[in-house]
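Visitor: Protein chains in written order, with numbering that gives the first Met the number 0: chain A, 0 to 286; chain B, 0 to 528; chain C, 0 to 350.
None of these hints come from the bench; they were simulated from the model. We put the CB at the ideal spot given by N, CA and C, even for glycine. One or more hints might be untrue.
As the list claims (entries may be wrong) - List time: in silico BS3-like cross-link candidates among lysine-lysine, alpha-carbon distance up to 27 Å:
hint : chain 1 : residue 1 : chain 2 : residue 2
1    : B       : K84       : B       : K26
2    : A       : K159      : B       : K334
3    : B       : K409      : B       : K447
4    : B       : K252      : B       : K39
5    : B       : K206      : B       : K222
6    : B       : K140      : A       : K144
7    : A       : K159      : B       : K181
8    : B       : K220      : B       : K409
9    : C       : K258      : C       : K156
10   : A       : K159      : B       : K140
11   : B       : K285      : B       : K334
12   : B       : K252      : B       : K222
13   : B       : K39       : B       : K84
14   : B       : K447      : B       : K468
15   : B       : K126      : A       : K144
Unchecked claim - Stretch-level coverage of chain A by chain B, calculated; a stretch enters the list once three of its residues show a Cβ under 8 Å from a Cβ in chain B:
hint : stretch
16   : 141 to 147
17   : 157 to 169
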Amino acid sequence: MIEAFLFPVFRSATPLMLAAMGGLWCERSGVTQIALEGFMLIGAFFGAVVALGTGSAWLGFAGGIAAGMLFSMIYGVMVLHARANQIVAGMAMNFLAMGIPPVLSAFWYGSGGSTPMLPESARFEWFPIYFALAVVVVSALLYSKSRFGLRMRFAGEHPKALATSGVSVLLKRWQGVLISGACAAAAGAALSLCLASSYSRGMSAGRGYIALAAVILGKWRPVPTALACLLFGVAEAAQIRLQGVILWGSEAVPVQFIQMLPYIVTLVVLAGFVGRARAPEFLGQVE
Amino acid sequence: MESLKERALGGGGSTHNPVVVSAVELKGITKRFGAFTANKDISLKVAPGSLHALVGENGAGKSTLMNVLFGLYEPDEGEIFIDGKLVQFRSPSEAISAGIGMVHQHFMLAEQMTALDNVIVGAEPTKWGCVVVSRSAARTKLNSLAEEFEIPFQDWDRLVCELTVGERQRLEILKLLFREAKVFILDEPSAVLTPQETERLFVNLTKLKERGKSILLISHKLKEVLEHSNEITVIRRGELIASVPTQESDEEKLAELMVGRKVELKDLGHRAMFANTDRAPAIRVKGVSGASQGEGYQDVSFTVMPGEILGLAGIQGNGTSAVFRALASPLRSAKTGQGSIEMLGQDTSRADFFELHRIGVGVVPEDRHLEGLMLRQSLVENHFLGQQNDRRYRSGPWIQRFALSRSVDKGIESFDIRPSYSNAVLGRMSGGNQQKAMLARAMDHKPKILLIAQPTRGVDIGAIERIRKAILAARNEGSAIVLLSTELDELITLSDRMLVFFRGQVVQEFPKNAFDEWKIGKAMGGSKA
Amino acid sequence: MILFLRTLLGVGAGLGAGLGVAAYVGESPWKVFKILMGSSFGDAYSLGTTLLYAVPLLLTGMSVAIPFRAGLFNIGAEGQLTIGAISAASVAILLPDLSPFFAVTVAIFAGALGGGLWGGFVGWLKATRGSHEVITSIMMNFIAAALASYVVLYWIKDPTSAAAESLTIASAYQVAPWSIFEGASMGLALPICLAVAFVLHFALERSVFGFRLKAVGENENAAQYHGISRERVWIESMALAGALAGLVALPEVLGNAYKFKLGFSPGYGFVGIAVALVARGKIVHILWSALLFAVLQKGAASLDLETEKLNRDIVYWIQALIILGVSAEVLWSRIFEWRRARSRRKAQAPT
Chain A
0 MIEAFLFPVF RSATPLMLAA MGGLWCERSG VTQIALEGFM LIGAFFGAVV
50 ALGTGSAWLG FAGGIAAGML FSMIYGVMVL HARANQIVAG MAMNFLAMGI
100 PPVLSAFWYG SGGSTPMLPE SARFEWFPIY FALAVVVVSA LLYSKSRFGL
150 RMRFAGEHPK ALATSGVSVL LKRWQGVLIS GACAAAAGAA LSLCLASSYS
200 RGMSAGRGYI ALAAVILGKW RPVPTALACL LFGVAEAAQI RLQGVILWGS
250 EAVPVQFIQM LPYIVTLVVL AGFVGRARAP EFLGQVE
Chain B
0 MESLKERALG GGGSTHNPVV VSAVELKGIT KRFGAFTANK DISLKVAPGS
50 LHALVGENGA GKSTLMNVLF GLYEPDEGEI FIDGKLVQFR SPSEAISAGI
100 GMVHQHFMLA EQMTALDNVI VGAEPTKWGC VVVSRSAART KLNSLAEEFE
150 IPFQDWDRLV CELTVGERQR LEILKLLFRE AKVFILDEPS AVLTPQETER
200 LFVNLTKLKE RGKSILLISH KLKEVLEHSN EITVIRRGEL IASVPTQESD
250 EEKLAELMVG RKVELKDLGH RAMFANTDRA PAIRVKGVSG ASQGEGYQDV
300 SFTVMPGEIL GLAGIQGNGT SAVFRALASP LRSAKTGQGS IEMLGQDTSR
350 ADFFELHRIG VGVVPEDRHL EGLMLRQSLV ENHFLGQQND RRYRSGPWIQ
400 RFALSRSVDK GIESFDIRPS YSNAVLGRMS GGNQQKAMLA RAMDHKPKIL
450 LIAQPTRGVD IGAIERIRKA ILAARNEGSA IVLLSTELDE LITLSDRMLV
500 FFRGQVVQEF PKNAFDEWKI GKAMGGSKA
Chain C
0 MILFLRTLLG VGAGLGAGLG VAAYVGESPW KVFKILMGSS FGDAYSLGTT
50 LLYAVPLLLT GMSVAIPFRA GLFNIGAEGQ LTIGAISAAS VAILLPDLSP
100 FFAVTVAIFA GALGGGLWGG FVGWLKATRG SHEVITSIMM NFIAAALASY
150 VVLYWIKDPT SAAAESLTIA SAYQVAPWSI FEGASMGLAL PICLAVAFVL
200 HFALERSVFG FRLKAVGENE NAAQYHGISR ERVWIESMAL AGALAGLVAL
250 PEVLGNAYKF KLGFSPGYGF VGIAVALVAR GKIVHILWSA LLFAVLQKGA
300 ASLDLETEKL NRDIVYWIQA LIILGVSAEV LWSRIFEWRR ARSRRKAQAP
350 T
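The task is simple: from the sequences and hints, build the whole structure.
Guide: Here's what the structure looks like:
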């Protein structure tokens, strides 16, 4: 019974945890990150494409991550060098990510926005779940113990203090952006290679935004953020379990209300429990 | 003056011992920003183990010069020598590794990080191959440094936001010691300290000197410079005016060198008491307690008469700003208890800004960038801020732009705001002109009460004179004025009476004839004189 | 002028990059461009259909631009217009017996009210709970989509249709198209929405309300210090934004489909972000920027039909690239404002 419940929760929370860790490092370095959703789509699509082409889930996963990092570089150039508004540029990245898979899949597979089914051998059963947990543990250790974590936090809390100590803030922020690209793309690849069996249109379904909500709920700290992801994982697992279940009366709960569940949970949690969370002092400000 | 300059260039820096190599030598440094020359051909030498003061007005180019030395700017011309060796800094990290450290005027400390993390960041002792920070090693080293240089500090795990200003400054000095700096640059270190804390700072700096460190001190406070430095360099409009050994100089001479003409700052017109004690007080504050932005105050009472300037003195965080906000923006500062605030006979403890404006109160907020102005907007837009309900400028939902810009033109004229057109954008103006724009706005409706905070912070001397004269003129016309300033000199110059705050309470009241810098400073530090 | 040139260059760069992609997948960029233009302005019918896209974009563009003045980013226009449309459609179906003039007014009001409440809620959450408006409005978009789907399927479903769409609204609610558009469903909505834009232009530039928005957007602290309630401005601007998005019910439900169709919006709410950005938040500029994006939207449908290798999703690319091109502040300022930047640095440098 516990296994039957825990497994779906961890499965649902896996992409959230991965994307959230990416968002956490990016925002910690001082760069607002609302493009997680787009990075996920890119990772999911290219993960599936590479897995299809090579027949290997491992290469697919790596390919998805590489594509996500490349894609996040556009964002990095835009916000760190061209100084575009970070929210505006982030939304543009999400648009771009919505447009890339359908056009390319039409070009490559002649289909309108999804990839063909992946064979069993090119999919994962467990790996992304362990990978996500490992990323959380490593993030937590880096955050509190490492030189890397300390410097990343200063890049968001007081970039000038870091710069006058002789560390390049730009470098730290680039690392933040690239980590978010890699992690969110891994989250996307987990979606297409593990949770589902192909890339389908808009398959991230708002998980990138929910991951960002988890970062805020977790006050930009790795372990609380991961716990917040598990909470949202519960909501999502419950959503799947509740389909067609008769809760009261004689009719099933309308499917629409079940679909709303993760979003309502996010909204309630953000409004109810967080209050005014303190973001990194210099989040979103480029000197 | 010529002779001073000659001597400076010839023998400066070698006041102790002519054979010793200078710890720092700048040769012909020139730094331009576009068409503007911030530093022009500046040369100076700092002897090892000495305190070299750099004095000059706001905007004279002191900070630019130090930023060049610290590697934040690359000079367009000129050379830097450290211990006699030619160096070239492309970034602060290169300056740091050459042994140069800087305590900036705005501390470079992240408020939400611990004291320890703030000290070690960028120079972390590590284990396991540069991956893991060894905080215990850092702690050991820091404790021994604190002991060696007699700068006590234990609260390594506290967040910086919980530390006092003095503690933060000591932390910055320890940060430089931790990086093994040999040359310390301090930018206006005493600006935020009481006379007592300043004294303590110089004790610490003397300890550093004794142990062979060299210190470059930027300041505009001539008294402390004369008391503590070994040599003084004066900079005006980007040029080096003179370098003189301290014992051969005095305050009057320095002031003249700094400004380029005779200064009589303290003499600002008629000083007779104007306060009319027969009339009712314009402001009556009775037993008010509360807090705002983490700063509390308890049981504060005072009155201000028409034609009187009441000065609020106190170190940052001791309640003056919070009390000021309780007067100027009552709705935004939480009050507790039963106290009352009355202005011109009306209860204003729950008034909104427009109510204050209507009964005749003008406000100049403390921080012009944060609370005062919209920097990307024009004078007209900024003039309207806080006057939205003024009948002259509004009909129904619409703004009367014509009347508004006419009134802006009047303000420009009477305060000599530059650039002098009403569409000028505030962000492109100097601090002095921004401050004048705020004063023009506050005085636009001929208020009977003026609440003024930090009127001359970061403002050049010309504008300071004009602003102070305007404040005195308003008082002479019978306005009741509350003046908050962290510049003790300014309070002494302008106020008719002074209240000193410590830990949220009024510890002492000084009448005009009892103003004494040292006694007031002592009260600011918490002990009654 | 320089600002306008910069914007134009941004748009040009975005369009150019998008057409470059077309060339890559093997379609002639010139052909793509001709399809876009021809299908938009070829004849009165095409023009009318383009306006059918432009009017909702005008509304959502303003819906993004107005909170932007106050420093808020309204990503929720899509949800707000969905709620506005379903509210108007529900009223029109559940109250069929009103007189024509009254009916249309009531339906417009219902649409604006529904959208306004949906948007105002986001402002309220920010004001009272401190929740960031970007995330809450995205969540509200998902909730709106599900809620609309529930209402249309359970309450006002057309039982004869296989698609997820409502019954046809009563004839009193139907706004007839103008004959000059030769059959395109564009009529009264055009002047009404232009009038709204006209009023809002003056409200933003000349009224105390507009000043309050600007003050909060420019310097929240200074605004609050000087008696402006930041919270009230947040709620008001988001409610107004929601109401504007909700007005999309007028051209779409009352003027075009005469029913609520699930998924009727081709992302008007999101494209509104691009519209507002290209117009830099100025309502006069939103007029032409809405038209530009309408051409892209309209042309996208034709691309599906008239080319082999491109589908309508290429429009996402072009939109994204235009947004990136316009928002790359430094890139353009390096080119145009080099001298000005120099003097600005000069002003900041000394202390």
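Visitor: Does each hint fit the structure? Answer for all of them.
Guide: Here's how the hints hold up against the structure:
1. B:K84 <-> B:K26: holds (12 Å)
2. A:K159 <-> B:K334: violated (36 Å)
3. B:K409 <-> B:K447: Holds, because 19 Å separates the two Cα atoms, which is no more than 27 Å.
4. B:K252 <-> B:K39: Holds, at roughly 22 Å.
5. B:K206 <-> B:K222: holds (20 Å)
6. B:K140 <-> A:K144: The hint holds at about 19 Å.
7. A:K159 <-> B:K181: Judged against 27 Å, a Cα distance of about 22 Å means the pair holds.
8. B:K220 <-> B:K409: violated (35 Å)
9. C:K258 <-> C:K156: holds (10 Å)
10. A:K159 <-> B:K140: OK: A:K159 and B:K140 at ~25 Å, within 27 Å.
11. B:K285 <-> B:K334: holds (12 Å)
12. B:K252 <-> B:K222: holds (12 Å)
13. B:K39 <-> B:K84: holds (22 Å)
14. B:K447 <-> B:K468: holds (17 Å)
15. B:K126 <-> A:K144: holds (11 Å)
16. 141 to 147: holds (count 4)
17. 157 to 169: holds (count 9)
Checked against the numbered hints above, the structure breaks hints 2, 8 and satisfies the rest.
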